[in-house]
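Asker: Listed here are the chains, written in short residue letters.
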Amino acid sequence: MDFVLQQILNALAFGSEYALLALGLAIVFSIMGLVNFAHGEIITIGAYTMYIMIVMGLGSPLLVIPLAVLAAVLGALAFERVAFRPVRYAPTSTGMLTAFGVSILVQNAFLLFISARPRAVSVLGGLNVTVWVGPLRLQLLQILELGVSLVVTLGLILFLTRSTLGLAMRAAARDFAMVRLVGIRANRVIATAFGISGLLAGIAAVFIVARRGSIEPDMGFMPVLKAFVACVIGGFGSLPGAAVGGLLLGFIEVGILVLLPQQWGGLTDAIVFALIALILVTRPQGLMGRNVELGDKER
Amino acid sequence: MLSISNLVVAYGPVLAVRGLSLEVFKGEAVALIGPNGAGKTSTIMALAGLVPARGDILFDSAPINSLSTEDRVRLGIALCPEGRRVFVGLTVLENLVLGAASQPDRSRRKQDIDYCFDLFPRLAERRDQVAGTLSGGEQQMLAIARALMSRPRFLILDEPSLGLAPRIIEVIFEHIAKLKASGMTILLVEQNVGKALAIADRAYVLASGSLRATGKASDLAADPETISAYLGG
Amino acid sequence: MTSTNQSRRRPFLRRAVLGGLMTALPMLLVCIAIIATGEQWMVRLAYAGVVAVVVVVGLQIQMGNSGGVSFSHTVFVAIGAYAVAILSVPVQMKKLIIPNAPFGLADLSLSPAAAVLVALLIVAVLAVITGLVIVRVSGIAADILTLCLQIIAHSVFMYWTSLFRGSQAFFGIPQFMTLPAALAVAMAVIIGARIFRDSPWGVQLRASSENLLAARCFAVNVTRLRLLAWILSALACSIGGMIFAFYIGTINAQSFYFPYVFLTVAMLILGGMNSVSGAVVGVLIISIGIELIRNLENGPVLFGIELPTLYGLSGLALGAVIILGMVLRPAGIMGTREFDDILFPRRPETE
Ligand SMILES: Nc1ncnc2c1ncn2[C@@H]1O[C@H](COP(=O)(O)OP(=O)(O)OP(=O)(O)O)[C@@H](O)[C@H]1O
Ligand SMILES: [Mg+2]
Numbered sequence: 085m086d087f088v089l090q091q092i093l094n095a096l097a098f099g100s101e102y103a104l105l106a107l108g109l110a111i112v113f114s115i116m117g118l119v120n121f122a123h124g125e126i127i128t129i130g131a132y133t134m135y136i137m138i139v140m141g142l143g144s145p146l147l148v149i150p151l152a153v154l155a156a157v158l159g160a161l162a163f164e165r166v167a168f169r170p171v172r173y174a175p176t177s178t179g180m181l182t183a184f185g186v187s188i189l190v191q192n193a194f195l196l197f198i199s200a201r202p203r204a205v206s207v208l209g210g211l212n213v214t215v216w217v218g219p220l221r222l223q224l225l226q227i228l229e230l231g232v233s234l235v236v237t238l239g240l241i242l243f244l245t246r247s248t249l250g251l252a253m254r255a256a257a258r259d260f261a262m263v264r265l266v267g268i269r270a271n272r273v274i275a276t277a278f279g280i281s282g283l284l285a286g287i288a289a290v291f292i293v294a295r296r297g298s299i300e301p302d303m304g305f306m307p308v309l310k311a312f313v314a315c316v317i318g319g320f321g322s323l324p325g326a327a328v329g330g331l332l333l334g335f336i337e338v339g340i341l342v343l344l345p346q347q348w349g350g351l352t353d354a355i356v357f358a359l360i361a362l363i364l365v366t367r368p369q370g371l372m373g374r375n376v377e378l379g380d381k382e383r
Numbered sequence: 002m003l004s005i006s007n008l009v010v011a012y013g014p015v016l017a018v019r020g021l022s023l024e025v026f027k028g029e030a031v032a033l034i035g036p037n038g039a040g041k042t043s044t045i046m047a048l049a050g051l052v053p054a055r056g057d058i059l060f061d062s063a064p065i066n067s068l069s070t071e072d073r074v075r076l077g078i079a080l081c082p083e084g085r086r087v088f089v090g091l092t093v094l095e096n097l098v099l100g101a102a103s104q105p106d107r108s109r110r111k112q113d114i115d116y117c118f119d120l121f122p123r124l125a126e127r128r129d130q131v132a133g134t135l136s137g138g139e140q141q142m143l144a145i146a147r148a149l150m151s152r153p154r155f156l157i158l159d160e161p162s163l164g165l166a167p168r169i170i171e172v173i174f175e176h177i178a179k180l181k182a183s184g185m186t187i188l189l190v191e192q193n194v195g196k197a198l199a200i201a202d203r204a205y206v207l208a209s210g211s212l213r214a215t216g217k218a219s220d221l222a223a224d225p226e227t228i229s230a231y232l233g234g
Numbered sequence: 239m240t241s242t243n244q245s246r247r248r249p250f251l252r253r254a255v256l257g258g259l260m261t262a263l264p265m266l267l268v269c270i271a272i273i274a275t276g277e278q279w280m281v282r283l284a285y286a287g288v289v290a291v292v293v294v295v296g297l298q299i300q301m302g303n304s305g306g307v308s309f310s311h312t313v314f315v316a317i318g319a320y321a322v323a324i325l326s327v328p329v330q331m332k333k334l335i336i337p338n339a340p341f342g343l344a345d346l347s348l349s350p351a352a353a354v355l356v357a358l359l360i361v362a363v364l365a366v367i368t369g370l371v372i373v374r375v376s377g378i379a380a381d382i383l384t385l386c387l388q389i390i391a392h393s394v395f396m397y398w399t400s401l402f403r404g405s406q407a408f409f410g411i412p413q414f415m416t417l418p419a420a421l422a423v424a425m426a427v428i429i430g431a432r433i434f435r436d437s438p439w440g441v442q443l444r445a446s447s448e449n450l451l452a453a454r455c456f457a458v459n460v461t462r463l464r465l466l467a468w469i470l471s472a473l474a475c476s477i478g479g480m481i482f483a484f485y486i487g488t489i490n491a492q493s494f495y496f497p498y499v500f501l502t503v504a505m506l507i508l509g510g511m512n513s514v515s516g517a518v519v520g521v522l523i524i525s526i527g528i529e530l531i532r533n534l535e536n537g538p539v540l541f542g543i544e545l546p547t548l549y550g551l552s553g554l555a556l557g558a559v560i561i562l563g564m565v566l567r568p569a570g571i572m573g574t575r576e577f578d579d580i581l582f583p584r585r586p587e588t589e
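Just so you know, the protein sequences line up as chains A, B and C, in that order.
In this text, residue positions in the first sequence follow our numbering: the first is 85, and each later residue adds one.
In this text, residue positions in the second sequence follow our numbering: the first is 2, and each later residue adds one.
In this text, residue positions in the third sequence follow our numbering: the first is 239, and each later residue adds one.
If we strip away everything but chain A, and leave its shape as in the complex, we get (with noise of 0.2 Å):
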């Protein structure tokens, strides 16, 4: 009884990493159609932020979260500036292109002026402890991801239903134009997008070195992949389904951790992904994307 709560925290932890992941990636994509795979960048930027803190002393936990956080927030309004927009209007393969483009040059600044091998950062190693919940055995970093998740994704929810911003990106996501002719600047929806996106990869990331413990340059890339691939099981752009599927894909994962036998291990990755592509053959709009026939007209 005791194992399976704590599996199940564990594959709510992990979901709920990935679920704020999805949640950037969809934003993103349902407002401008752009698969982002610099997404997992802005998690390295968040996470060598505290790296390059730390190394100048200034490696008080209080001091370096938010700063993390921001730098992340900031690294994605950077990429959009600077790389999206120019191709805003572009077919879905310059964007994408576009994103790899970005992901491979930060993964090479880092490597150039930091280092290709990993770096220990230890600062929020403190979080990694075990802590009696009556007669329960959990993570702490477990708890407080599960925890600082909820509140975080209840914000969003409070922030897409009660602002005009927030309505006007849910707007967006169905006809850009229409929120356009109604005087909401196009490039503001769009950098809001960007600085949620990177808000929440920067609470990830902090969770994510918590784990670790060092950081490398291309740390962001599995996370992502992940995130994308709970993205897509949940119906890609669809905001709630992108949460639903990183909590899935959280689930699935352990499941299948703590199911295989020991010497299948290896084949773990296999698995989850040979039973996404399952899912995405039976319901290939995703859990809960809409099924639009081709041709439909939604008005």
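Mixed in with the good hints, there may be bad ones.
Listed next, the stretches of chain B that the computed footprint assigns to chain A, with coverage defined by at least 3 CB atoms under 8 Å from CB atoms of chain A [unchecked claim]:
1) 28 to 37
2) 64 to 74
Residues from chain A that face chain C, not an exhaustive set, calculated with beta carbons under 8 Å [stated by the list, open to error]:
3) A174
4) T178
5) G185
6) V313
7) G339
8) V342
9) P345
10) Q346
11) L351
12) F357
13) P368
If you're looking for bench data, these hints aren't it; they were derived computationally from the structure.
Built from N, CA and C at the ideal position, the CB exists for glycine as well.
Start from chain A and add chains B and C with the ligands according to the hints.
Answerer: For chains B and C with the ligands alone, coordinates are given in the frame of chain A:
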């Protein structure tokens, strides 16, 4: 108030508008009529800055060619586009709130919403209904109300009667007449020639992207030849 | 008589073959210049470039005709390379590297020609199986399916150590290929890609990827055409893997994984994924560019000053070139044109 000269809109090799000049004065209602594919919507979209166009567009005697769509709207132009394009995922109320997005003065929003609900009581009953589930006529009312929320000085309506039952068209046109009476400057794009000419002061007839006739609406309405030549009856 | 009949029935064939030769020309010229210098290290680099041409042209068959992005083409490069490796390594060598290979493969050694044939067969079978799954969906879901395929295949390469040696290199493959031979192969692949692109099938497929609904109305069997493109692309990519293995002699699954995927996708999109010439141009520009910058990375002596080593510089430049390329030419350098379209514009269809 609005003056367009030598407007050319091209989609790749397709010329949709070929050198149109058009003027709308303050307080006036002007109809832009023409058959399918005449270039009416293209003209409007060029006005709004949503399709690339050549030619001069002056609003309040100032050129607006280089302004973004958003900035044009903020000058006081409101567009109620073809096909309504209400925000389907949002409620009626949320649609109206977005319509007021270019209004810096938040305090007037409540008052404007009440005004719209007075104008279209059917919307008031459905204030929390998701716009995608409204009927076509209700969506058209919402589209017009949303355009009004920005307190425009210049209202453009693109085929407000499209796809609506005659009774609903009556209602919509009554409302347009009310707006005109309140002093609003209106550019009305219509295929329903009779209705459009009845409400407008002047009209322009467009076919295949070029101007074919223009004059006082009452004169055009009394000239069945022009009408049938360009509009097929 | 027969030949005029032929060309009347297939007017595209002549154009595709001649155009294909022109498409291959820049690659040929660069390689001939390099062979003329006689510098062995440059020949090696040129060989890697020719392999990349085969792979990227293979990728173009899929992406350029069906639309969408593929992340799995390098799986077939790897399968081609591993298949010929496993089939053609001499038996004594196998005792050393894969003594426990399943299916009696440890005691089997084929001639390279036979190994290539069997390998193509294996690739074709795997391509049909994977293709049947992937053509069931379209759009971004299909892109993700290829991503899944890449990860699944890589896990299998890593896990099945008795056959693929996992993360260890697979060595001892006969090394008989030369740059001229690889050039001949690459030209054949380019011409093949051109024939497919210009054939009625290719034309229909490209039209359908632009407007699926219209294609359905005209009863084009899009699914079958997509499957065909998928299989042809897999075969071409696997040929790239084979000529790679037979030249270098040592392969490693890691080298076919995501970095190679991104590099080749970048080459194609930068050159222009809608034309075969775009594929060739993309490979040339990125390969040459990276090599030039890689010299800087090792801390060269410039005007008597020894520069520090700058690892990461080539990647930095690659990223910058991709971004700039996309900003300035969103449809890639060639757009939808082939070289011959620029020199001899096609007359509008008269039918
Ligand atoms: N996005 C586009 N791309 C290519 N051609 C277009 C585009 N939009 C409009 N056209 C063409 O431009 C011409 C004018 O179209 P437009 O929509 O302006 O006509 P309209 O007068 O509004 O017609 P309707 O009364 O049917 O709405 C048409 O021939 C149309 O096919
Ligand atoms: Mg129209």
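Asker: Each hint: holds or not?
Answerer: Status of the hints after comparison with the structure:
| no. | hint | result |
| --- | --- | --- |
| 1 | 28 to 37 | violated (count 0) |
| 2 | 64 to 74 | holds (count 4) |
| 3 | A174 | holds, 4 Å |
| 4 | T178 | holds, 4 Å |
| 5 | G185 | holds, 3 Å |
| 6 | V313 | holds, 7 Å |
| 7 | G339 | violated, 17 Å |
| 8 | V342 | violated, 18 Å |
| 9 | P345 | violated, 13 Å |
| 10 | Q346 | violated, 13 Å |
| 11 | L351 | holds, 5 Å |
| 12 | F357 | holds, 4 Å |
| 13 | P368 | holds, 4 Å |
In the structure shown, a violation is registered for the earlier hints numbered 1, 7, 8, 9, 10, in ascending order.
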